Amino acid sequence: MPDGTVRLVEARSHEFEIADPGPLPLGRIRDELAVAFTVAGDRRAKRIRRTWLDTFDWRLYRAGLTLQYVGGSGPGELVLTGGGGQQLTARARQARWPCLSGGLPPGPLRDRVAAVAGLRALLPRVSVVSQVSELWLLNEDDKTVARIAVDAMTLPAPQGAAIAARLAVTEVRGYPAAARRAGRILTGTGGVVPSRQTALDAALSAAGQRGADYTGKVVVPLLPAMPGAEAVSAILLQQLDALEVNVDGVLHDIDTEFLHDLRIAVRRTRTALKLLGHVLPGELTLRFASEFRWLGDTTTPLRDRDVQLLSLPSMAARLVAASPDDLRPLVAYLTRRRATERQKLSRALRSARFDAMVGDWRKALLVPRAAGHASGPRAAELSADRTRRAHARVLRLGSAITASSPAESLHTLRKRCKELRYVLEFFASLHDPQLYAAVLADLKRLQDCLGEFQDSEVQSAEIQSLAPAMLARQAAPASTLLAMGELAAQLGTRQRAARAEFADRFARFAGGAGRDRMAALTAGDSG
Amino acid sequence: MKVIATYNIKGGVGKTTAAVNLSYLAARDGLRTLLWDLDPQAAATYMFRVRARVKGGSRALIRGTRGLDEAIKGTDFDRLDLLPGDFTYHNMDLLLDGAKKPVRRLSRLLSPLAGDYDLVVLDCPPSVSLVSENVLHAAGLILVPLIPATLSLRTLDQLTDFVASFDGPRPELLAFFSMVDRRKRLHREIVERLPTQRADIAAASVPALAVIERMAVQRAPVPAFAPRSPAARSYQDLWAEVGKRLLG
Numbered sequence: 001m002p003d004g005t006v007r008l009v010e011a012r013s014h015e016f017e018i019a020d021p022g023p024l025p026l027g028r029i030r031d032e033l034a035v036a037f038t039v040a041g042d043r044r045a046k047r048i049r050r051t052w053l054d055t056f057d058w059r060l061y062r063a064g065l066t067l068q069y070v071g072g073s074g075p076g077e078l079v080l081t082g083g084g085g086q087q088l089t090a091r092a093r094q095a096r097w098p099c100l101s102g103g104l105p106p107g108p109l110r111d112r113v114a115a116v117a118g119l120r121a122l123l124p125r126v127s128v129v130s131q132v133s134e135l136w137l138l139n140e141d142d143k144t145v146a147r148i149a150v151d152a153m154t155l156p157a158p159q160g161a162a163i164a165a166r167l168a169v170t171e172v173r174g175y176p177a178a179a180r181r182a183g184r185i186l187t188g189t190g191g192v193v194p195s196r197q198t199a200l201d202a203a204l205s206a207a208g209q210r211g212a213d214y215t216g217k218v219v220v221p222l223l224p225a226m227p228g229a230e231a232v233s234a235i236l237l238q239q240l241d242a243l244e245v246n247v248d249g250v251l252h253d254i255d256t257e258f259l260h261d262l263r264i265a266v267r268r269t270r271t272a273l274k275l276l277g278h279v280l281p282g283e284l285t286l287r288f289a290s291e292f293r294w295l296g297d298t299t300t301p302l303r304d305r306d307v308q309l310l311s312l313p314s315m316a317a318r319l320v321a322a323s324p325d326d327l328r329p330l331v332a333y334l335t336r337r338r339a340t341e342r343q344k345l346s347r348a349l350r351s352a353r354f355d356a357m358v359g360d361w362r363k364a365l366l367v368p369r370a371a372g373h374a375s376g377p378r379a380a381e382l383s384a385d386r387t388r389r390a391h392a393r394v395l396r397l398g399s400a401i402t403a404s405s406p407a408e409s410l411h412t413l414r415k416r417c418k419e420l421r422y423v424l425e426f427f428a429s430l431h432d433p434q435l436y437a438a439v440l441a442d443l444k445r446l447q448d449c450l451g452e453f454q455d456s457e458v459q460s461a462e463i464q465s466l467a468p469a470m471l472a473r474q475a476a477p478a479s480t481l482l483a484m485g486e487l488a489a490q491l492g493t494r495q496r497a498a499r500a501e502f503a504d505r506f507a508r509f510a511g512g513a514g515r516d517r518m519a520a521l522t523a524g525d526s527g
Numbered sequence: 001m002k003v004i005a006t007y008n009i010k011g012g013v014g015k016t017t018a019a020v021n022l023s024y025l026a027a028r029d030g031l032r033t034l035l036w037d038l039d040p041q042a043a044a045t046y047m048f049r050v051r052a053r054v055k056g057g058s059r060a061l062i063r064g065t066r067g068l069d070e071a072i073k074g075t076d077f078d079r080l081d082l083l084p085g086d087f088t089y090h091n092m093d094l095l096l097d098g099a100k101k102p103v104r105r106l107s108r109l110l111s112p113l114a115g116d117y118d119l120v121v122l123d124c125p126p127s128v129s130l131v132s133e134n135v136l137h138a139a140g141l142i143l144v145p146l147i148p149a150t151l152s153l154r155t156l157d158q159l160t161d162f163v164a165s166f167d168g169p170r171p172e173l174l175a176f177f178s179m180v181d182r183r184k185r186l187h188r189e190i191v192e193r194l195p196t197q198r199a200d201i202a203a204a205s206v207p208a209l210a211v212i213e214r215m216a217v218q219r220a221p222v223p224a225f226a227p228r229s230p231a232a233r234s235y236q237d238l239w240a241e242v243g244k245r246l247l248g
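Protein chains in written order, with the numbering used here: chain A, 1 to 527; chain B, 1 to 248.
Hints are computed from structural coordinates only; laboratory data are not their basis.
Computed from a predicted structure; not experimentally measured.
For glycine and all other residues, C-beta sits at the position ideal for the given N, C-alpha and C.
Among the hints, erroneous ones may be present.
Stated by the list, open to error - Selected chain B positions facing chain A (in silico; Cβ < 10 Å):
#1 Gly30
#2 Val50
#3 Ala71
#4 Ile72
#5 Thr75
#6 Pro84
#7 Glu189
As the list claims (entries may be wrong) - Far from chain A, some chain B residues (derived; all Cβ distances over 12 Å):
#8 Arg108
#9 Ser111
#10 Leu156
#11 Asp167
Starting from the given sequences, assemble the full structure and let the hints guide the process.
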């Protein structure tokens, strides 16, 4: 058999914890279980190290999954656990993190993780040292009918804090009653209770962390009556946090989504300054608007390379005349250019200008909050007013677009749609959740069409400018250029299809039902 | 999902011990493995300490009123499950005869398990029957244990001719010498000569050793309770050959 293959083990387990601190009452637990089962197992605990892995934005955690790398004296193992206690396990030789899901050993575990993690890398989130004892519960035929793992976890040095010991009763297929019975016996044993939190949550809590503490979304709890300036400062501070927290991931090139999220934080900040900045001191808006434009522009070349490289596999798969292999020189060329752009961006993110910008911005945002803002619009009024304006702007621009309008008019509309989207998101906590979701869905359908139109155009133009550059550097054989031509044709078709769809999408967005929803949303805010 | 079977018309030639040990070794190598004990005597089931009883018996399984997955039991070994034997399997022939496409019924019953297992091992009862014909149609590889004797080869040739008469996909046959007594000159000669002459006979062979008989006492596969024994090594060699044919 090929070594290192990944295989699936499905097992359902029931988790318990020992509420009382102090030495493990293993003897007592064995005695209680012995009433119903023959209890076998090693009395000597095995020492293993568990490292929980997740994406930076906790995609597995949010999906109710946990992924552990378990290392001991033997080969390591990955264990993916679902909400129902079902497990997939995979042997894993390497334990180098971060790692994209594509770097996991092939098999069902990788497939399941990849479907959730997407483009995001898996990072170690918390590690513990576990002393694990295993008990086997046997029936009268000496057949194992349930397994119990007793796990005493501590944080590694220097923290070293102990975590409440846990017991996982795992069913053996075809013997569910035995595991249930063992569970009942355990809960009747002093100090053993059904676990209130997962092992990961217990480890995170002991380490002073919290799961799902980062999201790329805007999460700013606002109150309708709070001063608008205070609300705007809170929104901008969250975006600054999001920006800063992504810098390390960009510098270390962990995955492409750090830069994506950083750019979104920059764009949201710029939109907030443009549409809501009037409630802040004037000089503040002026100074930082130009700094954030600089930062946004600085990040664009690397993001463009990322988008090209990420979209190539799916585009290559749709090639008809050319072969995906013909694009290898293009991938190599783009990869080299990406490395150059990454160096440039790293220099910018390590520059004194960047440090001063984020430092001064934070200080500036904290000042007006501390001073308080009795005058000026309330958060709800500000939200209603700015959302209405942004919506009206989108309707006006979109209505003026005809079949003969230049591509630029759609690009401008796309920017205004993004602004509307961000304003909606900033004040999401003030909106009726159902109405908000419906308005956002209306807008998203339009944005998808505009995004497809512009992205296709930008990528097509990029390919057309790359071809002569690669030719000049003798970096592209004829077959590559022909394949690139086919890619450009593909993009052209996509762009035309998006353009053809635009009128219908916009009509639906701007139609009576959409307008009514938006009116109801903003009326709720101002009322 | 690959399906293999141990089959011989004769009984007592080492079919069940091979099925049990090879299933164990496959699971140990990381394959999600299911062993279906089709023998009403349920010796494989006994060796895994599982009770030889399937709710609804062979009628429920063959008619599909009870899915195979509901009858499966986990063994004491990771990745290795067992579909137990049941005395009612003795009438499986009659039930199959009444089913649609009677020679492909087992194959159809196994198909929903394709996502759950990498390997299914069918331990077939000794006979020429509709059950064995089903097994020959369901499996991609048939392992045929042979006692080293000239007449055994006739059995293999008859089986080869029978399989060649199938319409559609035909299983590959791989015979191996079983219950080899190296004190007997004839055994030694046959075991050394024939695998070099015939591609359908494995180089690995299984000796007649007391430790294999002890499986019924230990109620466990040989590599689990006597991992360093010559018998365990011989099954490992056999599994290496089978695995190579099966998975490349």
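Hints and how they fare:
1. Annotation: interface hint on Gly30 of chain B holds; nearest CB of chain A at approximately 4 Å, less than 10 Å.
2. Residue-level restraint check for Val50 of chain B holds (minimum Cβ-Cβ distance to chain A is 6 Å; threshold 10 Å).
3. Against a cut-off of 10 Å between C-beta atoms, the interface hint on Ala71 of chain B holds, since the closest Cβ of chain A lies about 8 Å away.
4. Taken as an interface hint, Ile72 of chain B checks out: its beta carbon lies about 6 Å from the nearest beta carbon of chain A, inside 10 Å.
5. This hint holds: Thr75 of chain B has a C-beta 8 Å from the nearest C-beta of chain A, less than the 10 Å allowed.
6. Using the Cβ-Cβ criterion of 10 Å, the hint placing Pro84 of chain B at the interface with chain A is satisfied: the shortest such distance is roughly 9 Å.
7. At a threshold of 10 Å, the smallest CB-CB gap from Glu189 of chain B to chain A is about 32 Å, leaving the interface hint violated.
8. With a cut of 12 Å on Cβ distances, Arg108 of chain B stays outside the contact zone with chain A, its closest approach being about 22 Å.
9. Non-interface call for Ser111 of chain B relative to chain A: holds, since the shortest CB-CB distance, roughly 18 Å, exceeds 12 Å.
10. Separation of Leu156 of chain B from chain A is adequate, the least Cβ-Cβ distance of about 27 Å exceeding the 12 Å criterion.
11. The beta carbon of Asp167 of chain B sits about 33 Å from the closest Cβ of chain A, which is more than 12 Å, so the claim that it is off the interface holds.
When each numbered hint is compared with the structure, a violation occurs for hint 7 only.
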